[in-house]
Each structure stands twice: as structure tokens, then as C-alpha cells.
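*Asks:* Chains as they are written, first to last, in our numbering: chain A, 1 to 339; chain B, 1001 to 1082.
Bear in mind the hints are in silico, worked out from the structure with no lab data behind them. The structure displayed is predicted, hence computed values, not measured ones. Check before you lean on any hint, since a few could be wrong.
[What the hints assert, rightly or not] Here are the computed lysine-lysine pairs in the DSS-like style, where the Cα-Cα straight-line distance is at most 30 Å:
1) A:Lys276 - B:Lys1065
2) A:Lys7 - A:Lys43
3) A:Lys43 - B:Lys1065
4) A:Lys276 - B:Lys1031
5) A:Lys43 - A:Lys204
6) B:Lys1079 - A:Lys204
7) A:Lys43 - A:Lys219
8) B:Lys1065 - B:Lys1031
9) A:Lys204 - A:Lys219
10) A:Lys219 - A:Lys279
11) B:Lys1065 - B:Lys1079
12) B:Lys1065 - A:Lys204
13) B:Lys1031 - B:Lys1079
14) A:Lys279 - A:Lys246
15) A:Lys43 - A:Lys218
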Amino acid sequence: MSPLSPKGTGVLTETTGAAHARILGVGGYRPERVVPNSEVIDKIDSSDEWIRERSGIISRRFAAPDETVVDMSEHATREALAMAGLEAGQIDAVIVATVTHPYQTPGAAPILADRLGIQGAAFDISAACAGYCHGIALANDMVRGGSAQHVLVVGVEKLSDFTDPYDRGTAFIFGDGAGAAIVGPSDTPAIGPTVWGSDGSQWKTISQRDSWIETREKKIDFPAITMAGQSVFRWAVWGMAPVAQKALDAAGVRAEDLDAFIPHQANMRIIDAMIKQLKLPEDIAVARDIAETANTSAASIPLATERMLREGEAPHGGLALQIGFGAGLVYAAQVVVLP
Amino acid sequence: MAQSEQEILDGLAEIVNEETGLSTDSVQSDKSFTEDLDIDSLSMMTIVVNAEERFGVRIPDDEVKNLTTVGDAVAFIAKNQS
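Using the sequences provided together with the hints, build the complete structure.
*Replies:* Dropping the structure here:
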């Protein structure tokens, strides 16, 4: 019997997208409850001074018990839409980056889309603290590839639900919040090439303590997120500074051209060490939202961006280098024009 | 070329001084990084990475916790440098 041959009669049509894409608006949502260091120190036998020295964190926000990642995302999205001058109905794709949506399935994105009256594509991505930069990379390619016109990218976490308050390595680090960006067509280049990658050999460095199966079989406690701080510090500083430099090179700009440096808000010590490794000029504004927001994983970069624009630390239309890095281990960096 | 333990100690003292501001004289073999020199885990990692570069050794993350005293670090570097 001869092998089947294809019919060969159908010719596919391809989409074509916008010449360029840009971030049209950003928004942030910080839960109402401010949690100072004094509230977390007893369970980890620590002090306000100890936490500030090791992380630069003064306080964080915790969401209300009944406040969900979808609730927080909705607030941040409405702000981003307002800045972009768009209606929710103009969004045709929703990407939610999170590791703390408490349903294994379905994702948070379709629920968020429904809240906003959007029926376009909606899916979650799991890239931890690098999730937002992964989302911007996807949104950029979707707009330029023609699979969407306006993409909503949300980074959101309710880490207070997934943190062990007795774990000295993480209890003081994490916070809750949401940040959103709208990516749409542009006449000029406004999102540089994404430099991204992974090192899965270090997957245990930041991880849920046990799998859901182990949790069920062994009847153990809720599996909080654990982190090997020293290893993360080494990777983040000496591994990520070269990635940030590559993102600058790929975009064809120099560090001196930047208006802002917006790294993932992991730890103030990591931020300071990265600046040193990058030899970043002193006059460039650096995001330090971590002091009052702590590490909000996927939400940290859009939250820091929103704050820098709102407080006049970075100019609308300015160039910002953003880099996310975290559990996986995974990372993504790109230079963007601020909305 | 491999360096003597005294040369490694002197070099390590300079690295500790740069990271923490502690005088090089205070960095002695019998001193504990955490107990005596009050160096926290992140500063320790900075010292480790700078020592790797200076002495041409690889100090794995798992090994760092075994380097309790300055002497432990000097001995590890002396044994492993190329």
C-alpha cells in the first residue's frame, strides 16, 4: 500500500499584525491592610532591624481573607485601562501571570475576563516572579503577529496564602498585590527584544514545599513556598546582571539612555548588588517599591512601574529596563517605553 | 599558580573588608564569619563569589554552609585552587 498523500488543495491564510507594539497603560492595586515588620517578627524570632538589614522591607500589604487574585487583578486592570484610554471591550486577549491562584484549574484569566466583560482569549502563565516580563513578551509578539490587538497582561499574587509564617527564610519577604499593563499597536518600536531563559536544574531553589499529591498522600500541612535564599541571591545578582546587559544590547541602547531601572522587587540587597554589577549610572531612577510592598512576585514590576510614574520618579515615554527572575529558575528582561 | 595559605588569608581579608568595612586585621583564621565577624548570609555569598573570582576556585552553594570560620574558607580555597 502506498503512503497517503496530502490533498494539497487548501491554502492557509495568515494574520498580519501591527508593525510595533507598546505598553499603553499600567495600573496597580495594593490591598488596604498594611502589615509592618512588627506583625511578622514574633513567629520567626526576629526584629524589625533584622528584616530591614536583610531585605530593605519596612512593611507589606496583605489582602483581606475573602479578597482573591481575580479581585485584585480587576482593580489593577481598571486603572491600566484608564491610563490607556481604552474600554474593557477593546481587549481581545487576557494573560494572567500568577503562582497563587488557589485553583489548579481553571486559570484566573478567564474569570477575570468574564468580570470585565471580555470574551477573548484568556490564559494563565506560570513563570513566578518573571511572569509579568514573560507576559509582556507574549503580548508584544501577539500584537505584532496579529493574533490580538489589545492584550491585557496582569501580574498578581496573594502570597500571604502560600507563605509559612514560621519560616525564617520567607515569612518576612512576601506580600500581596496586583499590577496590570495593556499592550497594543504602536507606530514606533516601544518594546525591545526579550532576553529570556531558564535553569531548571535549580528548580528546588524556590518551590512549593511538597507536591499536591504528596500533600494528599502523606496528609501533611498546606505546602507553602520555600526558598534557598543564598542560592537565589547568587543567581539573581551574578546570573541576572549579565542578562540585564544583554537586554540593553538587544534593544540597541546603552545604560546611560535609560530613564528607569525596574528589576523584580525580590530584595533590596539584590537590587543594590545588581546595580553594582551592572555599573548602572547613578542618575538613573531605580525602583525600590519593595520597601513598602515587599516581594509580590509577578506583581512587583508593574506595581513598581505604576508607583514610579505616579510619584514622578520616571517620565511617561521614558525608557525602562525591566527584568524578572524567580522560581523555575526562569528569567525574562526587556527594555520598554513607559506609557 | 597556587597561593600559600597566608596569601589566601590576606586576600580573603581584603574581600571581607570591601564587603563589610571590617578591618583586615580582624579577619583571622579562628574567627567565625557569623558569630565573630557578624557577617550575614547574603554578605557571605558576596564574599564567596568574590573569592571564587580572585582565587580561581568554585565554591558550590552547598559548601558555603560548611565554611564556618575564616580558616575553613582558607583551607577549602587552598585545597581546590588550580
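*Asks:* Let me make sure I understand: some of the numbered hints might not hold for this structure. Which ones are they, in numerical order?
*Replies:* 2, 10
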